[in-house]
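A.B. asks: Sequence:
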Amino acid sequence: MKATGIFLSGFFAALVVVAVSALIWERKRIVKVHILTQPLIILSNQSDRALHTLPLGTPLYFDKGFPEGFSRYKVYVNVDRMPLALRDLPDRNEIDPLDARPFDNHAPDDAFQE
Numbered sequence: 001m002k003a004t005g006i007f008l009s010g011f012f013a014a015l016v017v018v019a020v021s022a023l024i025w026e027r028k029r030i031v032k033v034h035i036l037t038q039p040l041i042i043l044s045n046q047s048d049r050a051l052h053t054l055p056l057g058t059p060l061y062f063d064k065g066f067p068e069g070f071s072r073y074k075v076y077v078n079v080d081r082m083p084l085a086l087r088d089l090p091d092r093n094e095i096d097p098l099d100a101r102p103f104d105n106h107a108p109d110d111a112f113q114e
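Counting in this note's numbering, the sequence shown runs from 1 upward without gaps.
FYI, nobody ran anything at the bench for these hints, they're computed from the structure. Since the model is a prediction, treat every value here as computed from it, not as a measurement. Wrong hints could be hidden among the right ones.
Stated by the list, open to error - 30 angstroms max Cα-Cα, derived DSS-like pairs, lysine-lysine:
| no. | residue 1 | residue 2 |
| --- | --- | --- |
| 1 | K32 | K64 |
| 2 | K32 | K74 |
| 3 | K74 | K64 |
Hey, can you work out the whole structure from these sequences and the hints?
C.D. replies: Okay, structure coming up:
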């Protein structure tokens, strides 16, 4: 019985050490950020395919790079005094990202043609 108690004490102590280490690791992780030096055109994925602008100076927080050649960034938005309806996301891969490209000499309508 004493051996079981010692084993359980050691197991829980190791569990606490691992949990604290994971928290410290997460807090020390370096977040990469890019501050826009020029606005970006954003194309919605809705049927109207409306164009919008992400303004100069917006911080883009690096999330993930993909082998296909594109990268995903996060933009944080403060919403003041306007509660938004939230739903559970059952699948973490259900993300529906927007496309963003820099302005160029082309008209905005052809900015997203491949």
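A.B. asks: Confirm or reject each hint.
C.D. replies: Status of the hints after comparison with the structure:
1. K32 / K64: holds, 10 angstroms
2. K32 / K74: holds, 11 angstroms
3. K74 / K64: Given that 30 angstroms is the threshold and the Cα spacing comes to 10 angstroms, the pair holds.
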